[in-house]
Amino acid sequence: MSAATQPIGVKPTTAGTPWRERAEEALIPPFVALLVALICGDLLILSYGQSPAAVYRLLLEGTWGNAYGFGQVLYKATTLAFTGLAVSFGLRAGLFNIGGESQLAAGGFAAALTGLVLPAATPLALALPLCMLAAGLAGGVVGSVPAYLKTRFGAHEVIVTIMLNFIVLALLNWFIAGHLHVPETLHTPEIQAGVLPRLSDIDSRFHGSAANLALVVAVVVAVAVWFYLFRGRGGYELRAVGLQPDAAEYGGISVGRVWMRALTFSGVIAGIGGINYVLGYKHYYEDGFASGAGFLGIAVALVGRNHPFGVLLAAFFFATLSQGGLAIHAFVPKQMMDVLQGVVIIAVAMSVPEVTRILRSARRRSDA
Amino acid sequence: MNPISFLTQMIRIAIPYLFAASGGVVAERSGIVSLTLEGFMLSGAFAAVLGTNYSGSPWVGVLCGMVGGLIFALIHAVATIRYRADQVVVGVAINLLAIGVTRFFLKLFFASSSNSPRITGFGGNINAAGFDNPLLWMGIVVAPLVAFVVYKTPFGLRVRAAGEHPDAAESVGVSVKRVRYAAVAISGILAALGGVYLALDQHQFTDQMTAGRGFIAISAVIFGRWDPIRAALACLLFAAAETLQIQLQGSHAIPSQFIEMIPYALTIIALAGVVGRAVPPAALGRAQG
Numbered sequence: 002m003s004a005a006t007q008p009i010g011v012k013p014t015t016a017g018t019p020w021r022e023r024a025e026e027a028l029i030p031p032f033v034a035l036l037v038a039l040i041c042g043d044l045l046i047l048s049y050g051q052s053p054a055a056v057y058r059l060l061l062e063g064t065w066g067n068a069y070g071f072g073q074v075l076y077k078a079t080t081l082a083f084t085g086l087a088v089s090f091g092l093r094a095g096l097f098n099i100g101g102e103s104q105l106a107a108g109g110f111a112a113a114l115t116g117l118v119l120p121a122a123t124p125l126a127l128a129l130p131l132c133m134l135a136a137g138l139a140g141g142v143v144g145s146v147p148a149y150l151k152t153r154f155g156a157h158e159v160i161v162t163i164m165l166n167f168i169v170l171a172l173l174n175w176f177i178a179g180h181l182h183v184p185e186t187l188h189t190p191e192i193q194a195g196v197l198p199r200l201s202d203i204d205s206r207f208h209g210s211a212a213n214l215a216l217v218v219a220v221v222v223a224v225a226v227w228f229y230l231f232r233g234r235g236g237y238e239l240r241a242v243g244l245q246p247d248a249a250e251y252g253g254i255s256v257g258r259v260w261m262r263a264l265t266f267s268g269v270i271a272g273i274g275g276i277n278y279v280l281g282y283k284h285y286y287e288d289g290f291a292s293g294a295g296f297l298g299i300a301v302a303l304v305g306r307n308h309p310f311g312v313l314l315a316a317f318f319f320a321t322l323s324q325g326g327l328a329i330h331a332f333v334p335k336q337m338m339d340v341l342q343g344v345v346i347i348a349v350a351m352s353v354p355e356v357t358r359i360l361r362s363a364r365r366r367s368d369a
Numbered sequence: 098m099n100p101i102s103f104l105t106q107m108i109r110i111a112i113p114y115l116f117a118a119s120g121g122v123v124a125e126r127s128g129i130v131s132l133t134l135e136g137f138m139l140s141g142a143f144a145a146v147l148g149t150n151y152s153g154s155p156w157v158g159v160l161c162g163m164v165g166g167l168i169f170a171l172i173h174a175v176a177t178i179r180y181r182a183d184q185v186v187v188g189v190a191i192n193l194l195a196i197g198v199t200r201f202f203l204k205l206f207f208a209s210s211s212n213s214p215r216i217t218g219f220g221g222n223i224n225a226a227g228f229d230n231p232l233l234w235m236g237i238v239v240a241p242l243v244a245f246v247v248y249k250t251p252f253g254l255r256v257r258a259a260g261e262h263p264d265a266a267e268s269v270g271v272s273v274k275r276v277r278y279a280a281v282a283i284s285g286i287l288a289a290l291g292g293v294y295l296a297l298d299q300h301q302f303t304d305q306m307t308a309g310r311g312f313i314a315i316s317a318v319i320f321g322r323w324d325p326i327r328a329a330l331a332c333l334l335f336a337a338a339e340t341l342q343i344q345l346q347g348s349h350a351i352p353s354q355f356i357e358m359i360p361y362a363l364t365i366i367a368l369a370g371v372v373g374r375a376v377p378p379a380a381l382g383r384a385q386g
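So the sequences go chain by chain: A and B.
Numbers given in the working numbering equal positions in the first sequence, counted from 1, plus 1.
Numbers given in the working numbering equal positions in the second sequence, counted from 1, plus 97.
Hints are computed from structural coordinates only; laboratory data are not their basis.
The beta carbon of each residue, even a glycine, is placed where N, CA and C say it ideally should be.
Where hints are given, some of them may not hold.
Unchecked claim - Computed footprint of chain B on chain A, listed as stretches where at least three residues anywhere in the stretch have a Cβ under 8 Å from a Cβ of chain B:
1) 158 to 164
2) 298 to 304
3) 353 to 367
Said to hold, decoys possible - Some, not all, of what chain B presents toward chain A, calculated at C-beta under 7 Å:
4) Ala176
5) Val198
6) Gly270
7) Leu368
8) Ala369
Just chain B, same shape as in the assembly (with noise of 0.2 Å):
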C-alpha cells in the first residue's frame, strides 16, 4: 500500500466529513441537536449541482450550494427556535424533506429519478489527485477556523454560553435566540459545503448521495466531544478507516460491513463512557424563552 496515496485518498473522503461535523460543532455547542446535517448535505449538493449546471461556473455552483443549505437550515431553525418544535423530530423530516424536494426537483429540472446531466467541476488535473480543488482547501482549514471563532472571538463566547447556559446568557444580555439562528445557519452552510464538494468531486447530482455523511459527521462531533479539532480528527480517523476497506478490497481479510461499523461503535463507546465520556453540552436540545 502506497501511503502517499492512501493519505491523499483519505484526505479526499475526509472533506465533506470536515465541513459538516464543522457546522454541526457550531449548532450543537449553541445548543441546537443537528440531526440535519445529512439534510444540509443533499439540498447542498443539489443545488450546487443546479447552479453549475444553469451557469457553467463551479463558483456559482458553490454560492448556490450555500444559499440551498441556508434555506434548510433556516426552516430548522424557525421551525426549533421561533416555533419551538421538538429538534430531534424536526430534525429527522429535515433530512426527509431534502430526500423529497432533491428527487422532486431532479425530476422537474433533470427529467431523471436517479441523477442529473454531467456538470464541470474544479480542477481536474490528474497529477494533482484532486489538491487543485480551492474547495478541497476550504475543507482543510475550516475546522481550525471554527475552532477559532468558537474559542477566541465574541462571537463564539456567546455560541457557547447560549449551549451551556442559556439563562445566564440573557441576564447578561444575549439574545439567545438570536445566537441560535446565526449559529443554525452557519451550521447549514458548512454543511452544504461539504455535500458542494460532494457533487463537484463527482460532477453530478445523483440521488441521495450522500449517502449517510451526515450521520458519520455527527459521529464525528461527538466522537470529537462537541470541540472542533476533536472533531476533525475524528473525521480524519473514519476517513482512514474507509480509505483502510478500499484499499483493501479484493483481499476479504475484514469483510466491509466491520469497517463500515467503525464510526457508530465508537460514537456509542464515546457515549457509554468506556474511555472517558463525551458529555453534551447542557442545554442541547432544549427550547428557549
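So that you can see chain A by itself, here it is in the shape it has in the complex (with noise of 0.2 Å):
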C-alpha cells in the first residue's frame, strides 16, 4: 500500500525521533532535485562545447563570489520570497494559489499609485507602511475572488486564479496603456514618496546592485508567517484544513472561513511583494514587472517544502539561478537557467511522493 492510501491516523510507525523523520522527508527531495539539475547541467554546458567545471565556478563567482552578483541575487530572491510564501501560505490549507504573477503586479500597482498621491515629504516610517498597506490591500482582493469563489461555489482555485491572472494583467494593461503610463513608455511617472533605501547607500560594495529594505521585510514577513502557522489558533486551523478538511469540519473548524482567509492573505502577501521592485528598484509601475515571478513562487514555496524559512532559502537558490544564468552567458546561454528551473520542479514533485514512501517503508521493515 503506497503511503497517500494510508489509512488516517495510523502513524507508520513510532520507533524513532519523529522531528528526524520529518527532516529527512523535508530534505531529501530537494537534494535529489539539485543532483538531477546538475546532472542536467553538465549535459547542457557539454552540448555547448563548454566544461561543466569552468562554468559553475563562473556562476559562483558572479553570484556569490563579488558583492554586486551577490546584491543582485538579494534583490531578485526578495520578489521570489514573497510570491514563494504567498503560494506556501495557500498550500499549507490545501490550496493552489497560482495567481500570484497577477496579485504581485496589483500589488505593485497600488503601491506606485500611493507613492504618487503622497505628497514628497512624507516620511519613510508614514509612507512605507502605508504603500504597503495599499499593495497588500490590493493583492488581498485578487485573492478574495477565487476564495470567494472556491467557498460559495465550490469553483476550483486552481483554474479561477490562472483565468484571473489574464484579467487583472489585461485591466492593469489598460490602465497603464490608456491612462497613467508616461509617453512613449509602459510604466507610471516616478513616485514621490516611499523610495526605499538601497543595500548599497548602508554599503557602498553593494553599488549598483538593486538588494534594498523589502529584503528586511521579506524576512519579516516570512518570521510572521511562521508565527501565525506554527504558534497560533488561526494556523493550527489552517494546517488541520489543510491536512484532512473533513476531520476538521468534524472538529468545529469552519472550513470555508479557514479557506477564504488563506487565499485572501496569500494574495496579501503577493501584493506586497510588488514593493521591491516598485519603492526598491525602479520607483515606478511598470507594465509586465512581475511576468514569471508568480509562476517561480510555485517552484519555491515547492522547493522550500512549505516552510516559510525553506522558502526564503529557496528563493535565495532559484534566484542564484537566475542571476548566475547572466554570470555565465558568455560562455552558455543563460536560457540553460530556464531549462534547469523546470527540471528542479519536476524533479521536486517526482521525488517527493517517491522519497516519502521508500523512507516510511523501510521505517517499517526495521520496526518489524
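Hints are included, so try docking the two chains, each in its own frame, into the full complex.
What follows is the structure, given as C-alpha cells:
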C-alpha cells in the first residue's frame, strides 16, 4: 500500500525521533532535485562544447563571489520570497494559489499609486506602511475572488487564479497604456514618496545592485507567517484544514472561513512583494514587471517544502540560478537556467511522494 | 465588415485552439489535469520549425512537432502517473520547461534569442486565404474525431471510466495507468499540432510564440464542460471575439484588453455555475494506484 492511501490516524511507525523523520522527508527531495539539475546542467553545458567545472565556477563567482552579484541575487530573491511565501501559505490550507503573478502586479501597481499620491515630503516611516497597506490590499482583493468563488460555489481555485491572472493583467495594462503612462513608455511617472533605501546606501560595495530594504520586509513577513502558522490558533486551523478538511470540519473548524482567509492572505503576501520592484528598484510601476515571478513562486514554495524559512532559502537558490545565468552567458546561453528551473520543479515534485514512500517502508521494515 | 473574411480569419485563429482543446479534453477526461497544453504547443511549434528547417519539408516538420509534443507529454505522464507527482505543479513546470528548452535550443541551433530563420510552410496561395493548408482541415475535423473516439470506442469508454470511476475501471481489469498514459500522449500530440500549425503559418518560431493560447484552450475545455464538441464551439466563440477585436482595431469602440478577457471571464462564470455549472471529471487530478 502506498503512503497516500494509508488509513488516517495510523502512524506508519512509532519508533525513532519524529523530527528526524520529518527532516529526512523534507530535505531529501530538494537534494535529489539538485543532483538531477546538476547532471542536466552538465549535459547542457557539454552540448555547448564548454567545461561544466569552469562554467559552474563562473556561476559561483558571478553570484556569491562579489558584492554586486550577491546584491542582485538578494534583490531577485526578495520578490521570489514574497511569491513563494504566498503560494506556501495557501498550500498549508490545501489550496493552490497560481495567481501570484497578477497579485504581485496589482500590489506593485497600488504601491506606485500610493507613492504618487503622497506628498514628496512624507517620511518613509509613514509612506512605507501606507504603500504596503495599499499593495497588500490590492493583492488581497485579487486573492479574495478565487477564495469567494471556492467557498461559495466550489469553483476550483487553480483554474480561477489562472484565469484571473489574465484578466487582472489585461486590466492593469489598460490602466497603464490608456491612462497613466509616461508617453512612449509603459510605466507610471516616478513616485515621490516611499522610495526605499538600497543596500548600497549602507555598504557601498553593493554599488549598482538593486537589493533594498524590501529584503528586510520579506524576512519579517516570513517570520510573521511562521509565527501565524505554528504558534497561533488560526494557523493551527489552517494546517488542520490543509491536512484533512473533513476531519477539521468535524472538529468544529469552519473550512470555508479558513479557505477564505488562506487565499486572501496569500494574495496579500504576494501583493506586498510588489514593493521590491516599485519602491526599491525602479520607483515606478511598469507593465509586465511581475512576469514569471508568480509562477516561480510555486517552485520556491515546493523546494522550500512549504516552510517559511525553507521558502527563504529556496528563493535564494532560484535567484542564484537566475543571476547565475547572466554570469555564464558569455560561455553558455543564460537560457540554460530556464531549463534547469523546470527540471528542479519536476524533480522535486516527482521525488516527494517517492522518497516519502521509500523512507516509510524502510522504517516499517526496521520496526518489524 | 466582410462576413467571408471574418469567417476565414476566425477559423484560422481557432485552429490552434481546436487542436489543443481536443487534446485537453482527452487528458482531462482520463483524470489528468491539462495545464500543460501551453508547453506541449510550444515544444511542438519549435520541433516543427527544427524539422522543416533541416529537411525542407513541412511534412517532416509536422512529424517532428508531434514527436516534440509527445516527449513533453511523456515527461508529464511519467512524473504524474508513475511517480504520482502533483499534476498542477508538474503542469506549471512543463510550461516553464518548454519555454526554457525552446529558448536554449533556439540559441544552440539558430544562434538567436528571439526567432528562427524563415521556413517553408504549406499552401501559400493568396486566393486560398490559408485554406490550402492541410493542417487547417485536420484542425477542423479533429474535434468530431475526438468526440467519436471518446463516446463511441472501447478506448474512449476506458478514458471516461479512468476519469470518473478509476477504482471501478480497475476492478473490471482496465489498467487506469495505461489508459492515462495513452490519453496524455494523445493530448501531447494534438496540442503540439496546434503549435505546429502556428509555426508553419507564421513561417518561423519566435520565443514564447504560443502566447497563452494553451490557457485559452483550457478555458475552452472547461467552458465546453469537458465535451469535445462543446469545447470546439467554445474555441470558435473565443476566436470570433479575437477576430472582432482585430477587425475593430482603430475604431476604439471597446478597448482591446476587454475583448482579451472574454475567454477567461466566461470560464470563471462557467465554474461559478451562474449559467449551468461546469463539473469536472470526478477523479481529475488524483493519482491512481
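- Query: Going through the earlier hints one by one, which of them does the structure break, listed in rising order?
  - Reply: 6
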